[in-house]
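Residue numbers (our numbering), protein chains in the order written: chain A, 1 to 152; chain B, 1 to 152; chain C, 1 to 152; chain D, 1 to 152.
Just so you know, these hints were derived from the structure itself, not from any lab.
Every value quoted in this text rests on a predicted model; they were computed, and no experiment measured them.
There may be inaccurate statements among the hints.
Below, simulated PhoX-like cross-link-like pairs (lysine-lysine); rule was C-alpha separation at most 25 Å, straight line [unchecked claim]:
hint	chain 1	residue 1	chain 2	residue 2
1	B	K135	C	K113
2	B	K113	C	K16
3	A	K135	D	K113
4	D	K16	D	K135
5	A	K16	A	K113
6	B	K16	B	K113
7	C	K113	C	K16
8	D	K135	A	K113
There are 4 protein chains.
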Amino acid sequence: MEDQTQQEQVSPTVRKRVQDSFDSQGLMAHLGARLTHIGPGRVHIVLPARPEVTQQHGYVHAGATSAVADSAGGYAALTLVSEDSDILTVEYKINLLAPAAGDYLEAIGTVLKSGRTLTVCQLEVYGGRGGGERKLVANGQQTLIRVDRPAQ
Amino acid sequence: MEDQTQQEQVSPTVRKRVQDSFDSQGLMAHLGARLTHIGPGRVHIVLPARPEVTQQHGYVHAGATSAVADSAGGYAALTLVSEDSDILTVEYKINLLAPAAGDYLEAIGTVLKSGRTLTVCQLEVYGGRGGGERKLVANGQQTLIRVDRPAQ
Amino acid sequence: MEDQTQQEQVSPTVRKRVQDSFDSQGLMAHLGARLTHIGPGRVHIVLPARPEVTQQHGYVHAGATSAVADSAGGYAALTLVSEDSDILTVEYKINLLAPAAGDYLEAIGTVLKSGRTLTVCQLEVYGGRGGGERKLVANGQQTLIRVDRPAQ
Amino acid sequence: MEDQTQQEQVSPTVRKRVQDSFDSQGLMAHLGARLTHIGPGRVHIVLPARPEVTQQHGYVHAGATSAVADSAGGYAALTLVSEDSDILTVEYKINLLAPAAGDYLEAIGTVLKSGRTLTVCQLEVYGGRGGGERKLVANGQQTLIRVDRPAQ
Numbered sequence: 001m002e003d004q005t006q007q008e009q010v011s012p013t014v015r016k017r018v019q020d021s022f023d024s025q026g027l028m029a030h031l032g033a034r035l036t037h038i039g040p041g042r043v044h045i046v047l048p049a050r051p052e053v054t055q056q057h058g059y060v061h062a063g064a065t066s067a068v069a070d071s072a073g074g075y076a077a078l079t080l081v082s083e084d085s086d087i088l089t090v091e092y093k094i095n096l097l098a099p100a101a102g103d104y105l106e107a108i109g110t111v112l113k114s115g116r117t118l119t120v121c122q123l124e125v126y127g128g129r130g131g132g133e134r135k136l137v138a139n140g141q142q143t144l145i146r147v148d149r150p151a152q
Numbered sequence: 001m002e003d004q005t006q007q008e009q010v011s012p013t014v015r016k017r018v019q020d021s022f023d024s025q026g027l028m029a030h031l032g033a034r035l036t037h038i039g040p041g042r043v044h045i046v047l048p049a050r051p052e053v054t055q056q057h058g059y060v061h062a063g064a065t066s067a068v069a070d071s072a073g074g075y076a077a078l079t080l081v082s083e084d085s086d087i088l089t090v091e092y093k094i095n096l097l098a099p100a101a102g103d104y105l106e107a108i109g110t111v112l113k114s115g116r117t118l119t120v121c122q123l124e125v126y127g128g129r130g131g132g133e134r135k136l137v138a139n140g141q142q143t144l145i146r147v148d149r150p151a152q
Numbered sequence: 001m002e003d004q005t006q007q008e009q010v011s012p013t014v015r016k017r018v019q020d021s022f023d024s025q026g027l028m029a030h031l032g033a034r035l036t037h038i039g040p041g042r043v044h045i046v047l048p049a050r051p052e053v054t055q056q057h058g059y060v061h062a063g064a065t066s067a068v069a070d071s072a073g074g075y076a077a078l079t080l081v082s083e084d085s086d087i088l089t090v091e092y093k094i095n096l097l098a099p100a101a102g103d104y105l106e107a108i109g110t111v112l113k114s115g116r117t118l119t120v121c122q123l124e125v126y127g128g129r130g131g132g133e134r135k136l137v138a139n140g141q142q143t144l145i146r147v148d149r150p151a152q
Numbered sequence: 001m002e003d004q005t006q007q008e009q010v011s012p013t014v015r016k017r018v019q020d021s022f023d024s025q026g027l028m029a030h031l032g033a034r035l036t037h038i039g040p041g042r043v044h045i046v047l048p049a050r051p052e053v054t055q056q057h058g059y060v061h062a063g064a065t066s067a068v069a070d071s072a073g074g075y076a077a078l079t080l081v082s083e084d085s086d087i088l089t090v091e092y093k094i095n096l097l098a099p100a101a102g103d104y105l106e107a108i109g110t111v112l113k114s115g116r117t118l119t120v121c122q123l124e125v126y127g128g129r130g131g132g133e134r135k136l137v138a139n140g141q142q143t144l145i146r147v148d149r150p151a152q
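Here chain A stands alone, though its shape is the one from the complex:
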């Protein structure tokens, strides 16, 4: 089921909308994060581990872990709203379950409920290694609000 979900793709229009927004987030580029999957209601972001994103023990900082989790949830929500809408984070809560070790983090945002005004997402962050093992390092829950996109 997991694999099937990951195959599901959004339309080229939605994909472009999400990618363009992601590319305009200075923080994501500065952290070195990249979008790796854009499905309907589900987005993956990968963050390579490097000294620029660490805390005092050399693991990925909870703030960087949260940043990619927050963006993954936000873009998961964005895939399900109309083109004239934008999505803002209202709040989120995240548990850091284990040291964020590994070669990279993979944050997965999944829409639990998409309402007219509010969206609720589940956030998961895995620490992965080249060899393929991965471990859940953070788990969270996020509330987002749909707002009208300002006319360009």
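Fit chains B, C and D to the supplied structure of chain A, relying on the hints for placement.
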């Protein structure tokens, strides 16, 4: 009362411990954040607004806002534990109350309860401008755990 | 300042609206809770300790503590919206800081931010004794949404 | 998978420990809640809808929803710790996704991570009807701490 609290200072030993740990967080340097106050149970961190920390509308990204809030709470907790202890974030929840606009963000972590094992902090983030006005842009609550510091 | 805030009262219309809604909550009556202060953006609810609200150690159950905290925040939000609006809880997070001991709990909901659609409240719960001492036993943060009140 | 998990049972000793603790919670009896499944790391609690647990619109109150969710998570954690340990809720966050309508609520607590000191649980609450349909009405995340059980 606020001003008085801000005057209260920790011992030079505690100050050095907090500053050294902060300096070893690659993410804080990479974001451009700096420690501006270290009081007993209360730490301030300032993050200048610049393109490297923005989201898609040019405001500071919720992830960067959270990163400095999380660190401010973590160091506030660290000021109150013994020298052989370290502090890890268990979880936090943060509400983004307003667009994180301004010339800089100031994150304030304040210990609400310091227990033997767990510490609970309040997190506040203000958006400030050169002229001195500031506005609450995020508010959160954080749980941290004391762990034994590994022998060096 | 605390005392002054507690003196501030809402209009009789708002007071009646809040009290009527509270009185229609079966759970509040069943728990034995009562409204003790209705100020603009700030509501207090008192819950007497008795066997019907305990957990396994005889302290007030986290669920009862949360129930009065949630209602206090909800009614604090309700004092600030127009008469044709109702308020629903979107989510909340609560830390149980200490055993909820004492003769009664006092839950205080305070509006941190009142927006057009969303309200964010701080939640505090104190354990009190007849003699007057009280202790913070829980602290939380809550997001609420304004909805149109169904026509009667 | 769901069904298989639900078949898994804990040992009679653990079952008795969980049931005894539940039976000593005055609030659960007062609300009319009952334990319906005790598996390793997974506990279900059912709360019949009745006027004593409602909010102002006649749905189950967020406080009652949270109370059974909190207990379900706490007992799920309790199934995985040694006999001389007890479990206390540190904090939880819950999103109310839909009106808690139906004939009963079913709260499910599932351990996500069981550590030496802390346990993290996922909380789900479904609204169910006699006919068998059910709907997710609340979703949360909870942190718990293991404490030594007081000698009897």
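Self-check item: Numbered hints the structure breaks, given as an ascending list
Solution: Numbers 2 and 4 - these are the hints that the structure violates, sorted from lowest upward.
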